[in-house]
Amino acid sequence: MAGGFQNNTPQTLLPERMKNARALLCVLIIMALLAALSLLFARSAARLSADWQSQLTNSATVQVMINSSESRAAQMEIAQKTLQNLLPNTRITPLSETQAQALLKPWLGSTNLPADLPVPGLITLETQGNGLPFAQIKTALSAEGVIANIDDHTRYAGGLQRTSRSLIFGSSLILTLLLIASLAVNIFATRASLIAQKDIISVFVQVGASNKFIAQLFIQQAAKRTLLGAVIGAILAIFIWIFLSLSNFGALKDSGFIWDSFGVGLGDILFLIGLCLFFTLICAMAAGMTALRQLSEERRRL
Amino acid sequence: MTLQNQDIKDIVHFDRVSLRYARGPEILSDVNIALPEGSFTFLTGPSGAGKSTLLKLCYLALSPSRGLIHLFGQDTSLLANSAQQALKRRIGVVLQDFHLIEHLTIFENVALSLRVAGLSRAQYTDDVVELLQWVGLGHRMQALPPTLSGGEKQRAAIARAVIAKPDLLIADEPTGNVDPVIGRRLLRLFAEMNRMGTTVMIATHDVDLIKEIDARVLRIENGRVFKGLNA
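Sequence lines, in order, name chains A and B. Number 82 in our numbering belongs to position 82 of the first sequence; there are no gaps in the numbering. Number 165 in our numbering belongs to position 165 of the second sequence; there are no gaps in the numbering.
Same shape as in the complex, but just chain B (with noise of 0.2 Å):
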């Protein structure tokens, strides 16, 4: 049965979603999820299982071979590219591979979102040089990404998904490269943003993190989604 838009009342919603890329296998079966709003939720899995795939899809960087996704209550099968744009703005990601860019300023760089929201300078400085003493990046505000070390990159891109106050938070093992002190602050910084509103939803391998807080778990294996941390 095909949810009408005004049935979904979660932020993502994913009725019986499969994804395979070209003829190849299904990386993805029949994915049912729903992210309520304001909701926390942890997604794990073994590496290959389809994690950043399925964040994929959430923050529209893929379209699904077969099932419907909702975001915002939005059918995205149905939605023209600048819907999509502006949808993407209310959503902030953090990946795996940082993914900044190299010619510009960390402060260039975290400040990107503003700039394409249509801010003016003087309307976000404050808060990204605020943002980025509190990721512990102020003294590296005009290094270029290249000089960074690989916790600093992330602390960037972190800062970089979180700054524009996203309505949906989509983190790719954020913690992955950061040492247990830094990766506590980080998470400090999710469940904020979780408080204040924003529904967050994190892929990662680190179960000492999961345990942190009190939050929903989703289990990926083999392209199919439980709930739980165990099987």
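Looking at chain A on its own, in the form it has when it is part of the complex (with noise of 0.2 Å):
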């Protein structure tokens, strides 16, 4: 008998389009861009983060203590020999008097040093393994008569970590407040859904279908309308990442700020799907949890 009969995919229940569907599609395409702009920027925030500290725990500045009676170039090479010694998988850079007088600069300005300013030498160490054994250096130095200080970075590293849990702070927070929103959103949205279809749903119950029927409708309809937000916004939130890293950023490029040097690698992309997934389930769980109550409400009604 139904040999003849085409379509074997059901209609969706509720109507697929609804009555300011697309502002409400614009409004979800905008929160999950922010969204997603916030969870990009926090993780790049984490990882410039955790590369400067890297960094810093694996170099340390040496600075010589010029002693007046010996020569400054005999003192460094005897500090340079020292930790050659001691340490041999370790890039030693001695700097240059001229070096180590332009870092003075920032403080002392342009004007032309005194001849007989003592200009601490300057040796920078640089290791790939994990730290640099600061005790043994100052020891080594020490027994080869180089009165050394080495500056092991610790200060800008307590400030990065504290600037960086700032950031961190700060985008987890607009994040949260932004899936507060679009949640606020959806349960408008479903509210002022079930008024506009108050006809339909008046069928469904007539018909015998519980409230859990009718709330798993509003639950596909908000899951559709908010998945396909998400993406759109976490894509759009990709190529403004994309464009801000590679364009020529006025005086922030080169800078070293967050997107100076970072991309959007697969693990954003990842944390980008979960996202969308996240934002998608509890904008579904509020429309069903909402029309749940609602048609509770309307049936007490009765």
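Treat the hints loosely; a few may be bogus.
[Unchecked claim] Among the chain B residues that face chain A by a calculated CB cut under 7 Å, a handful are: (1) Gln85; (2) Ile101; (3) His103; (4) Ser113; (5) Val116; (6) Arg121.
[As the list claims (entries may be wrong)] Derived CB-CB ranges, DEER-like: (7) A:Ser296 / B:Gln74: 16 to 24 Å; (8) A:Asn20 / B:Ala191: 43 to 51 Å; (9) A:Arg17 / B:Gly38: 40 to 48 Å; (10) B:Leu78 / A:Gln220: 32 to 40 Å; (11) B:Ile213 / A:Leu277: 53 to 61 Å; (12) B:Asp97 / A:Asn20: 20 to 28 Å; (13) A:Ile273 / B:Tyr21: 47 to 55 Å; (14) A:Ile195 / B:Leu144: 18 to 26 Å; (15) A:Ile273 / B:Arg66: 55 to 63 Å; (16) B:Gly73 / A:Ile180: 43 to 51 Å; (17) A:Ile273 / B:Gly73: 51 to 59 Å; (18) A:Pro10 / B:Pro180: 29 to 37 Å; (19) B:Leu78 / A:Ala21: 35 to 43 Å.
To be clear, the hints were calculated from the coordinates, so they are not data collected in a lab. Keep in mind it's a predicted model, so treat the numbers as computed, not measured. No residue lacks a Cβ here, since even glycine has one placed at the ideal position from N, Cα and C.
Starting from the two chains in their separate frames, assemble the complex, guided by the hints.
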């Protein structure tokens, strides 16, 4: 009997085209875009902080206090040899006196420095390993009669950690607020949809549909709508982030700021996929719970 | 005296049921009716007498202000939502204004109660197609309700009400928008369902229709129900 009946896919029971659906989708796309940018910002801040921390942990600057009784070159050579013997796998780079003086410019300005100014000799140490043995370095240099201070960069590392934590916290807070706003948008949309589709719902109720059955329809509708918005928002966020990373961002270019060195990696894309799914899940659940509550209230009113 | 559930054998049993909207006058007053299992009943009366309201009470779209309603032996005032929905699945309803869902095809509209009952498309397609052909809508299965005439919509609404083979069929002016030939055909469908065991209650103005079938008649006037066609 049904041989000629071609259409085998059941229609969705709620109308696909809702009033104000485009406006709602736009709002969801913008929410998802901002949420995705916040996520990328938080991840980039965390990654940049970790990179800098790693660099700081594996590098140090030895300041050789030049004793006026001996020549600068001789003292620097002793220090360099001592360090090379102690740290054979470490890159040891002595800075020339001119380079060392150049580092004082931020404090002393570009005036000519007096010839007898005791500018310390500087040697930078960089290793690929797990940090440097600062105590041993100091002992070895003392044993060779070299008076030296070692700057292990912990002062900068602490500040950097605090800044990065603040950035991550701020981004996470914005992300959370955006998700809450999206939830609210979905709750309003579901309520509006329940009112707009009152006649359809009354038919569902009449043919014996349970509240759960009807709520599932709203869950499906919200999930489709939110997933579409989230995916479009996330894709836009990726493009914007790549654009910011690649573009000549005026004074910020090469400043070491977030987008200066970061693109979008596989990890970021996985996080964005997770964000889209989470975004969809909570919005669909909010729609379902709103529908259930509203339908129960309607039945109580009867 | 309140009736106990085990005392009620009727499919529909009203015990001194009254209904008023908010603080308005009583639309129904002390109505006592009983529809035994397998009965066929016409409900008639002038417009505004309360026929549709009485039917709404029968299919649980309204709750009474006073009195008790038993459906399938169960006191409806004591039923939880889920139990009420289970009862509604045993009732087929044809409404005056059709209540077809406009974005769904006629096929989907008719299949609705089967989908709600959890049947798969493969399980219900043949039945829906057969019934639509029987009511003369075989060529309109993929049409949307706004493109149908009043009579076609009426037939689609009837098909939706009977597709799940309900235990109780309630129809409000089911032949009001169809020509006499189709009207008689639909009445034969109701009679056939009744013969198979469905309890049928039809509200109608159409005296000719009432005379077509040897069935019990209830008349409603000023919110009170009487037996027989005439006072």
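Going down the list of hints, with the structure as the test:
| no. | hint | result |
| --- | --- | --- |
| 1 | Gln85 | holds, 5 Å |
| 2 | Ile101 | holds, 5 Å |
| 3 | His103 | holds, 4 Å |
| 4 | Ser113 | holds, 4 Å |
| 5 | Val116 | holds, 5 Å |
| 6 | Arg121 | holds, 6 Å |
| 7 | A:Ser296 / B:Gln74: 16 to 24 Å | holds, 21 Å |
| 8 | A:Asn20 / B:Ala191: 43 to 51 Å | holds, 48 Å |
| 9 | A:Arg17 / B:Gly38: 40 to 48 Å | holds, 45 Å |
| 10 | B:Leu78 / A:Gln220: 32 to 40 Å | holds, 33 Å |
| 11 | B:Ile213 / A:Leu277: 53 to 61 Å | holds, 59 Å |
| 12 | B:Asp97 / A:Asn20: 20 to 28 Å | holds, 26 Å |
| 13 | A:Ile273 / B:Tyr21: 47 to 55 Å | holds, 53 Å |
| 14 | A:Ile195 / B:Leu144: 18 to 26 Å | holds, 23 Å |
| 15 | A:Ile273 / B:Arg66: 55 to 63 Å | holds, 59 Å |
| 16 | B:Gly73 / A:Ile180: 43 to 51 Å | holds, 49 Å |
| 17 | A:Ile273 / B:Gly73: 51 to 59 Å | holds, 54 Å |
| 18 | A:Pro10 / B:Pro180: 29 to 37 Å | holds, 36 Å |
| 19 | B:Leu78 / A:Ala21: 35 to 43 Å | holds, 42 Å |
The earlier numbered hints are all upheld by this structure, with none contradicted.
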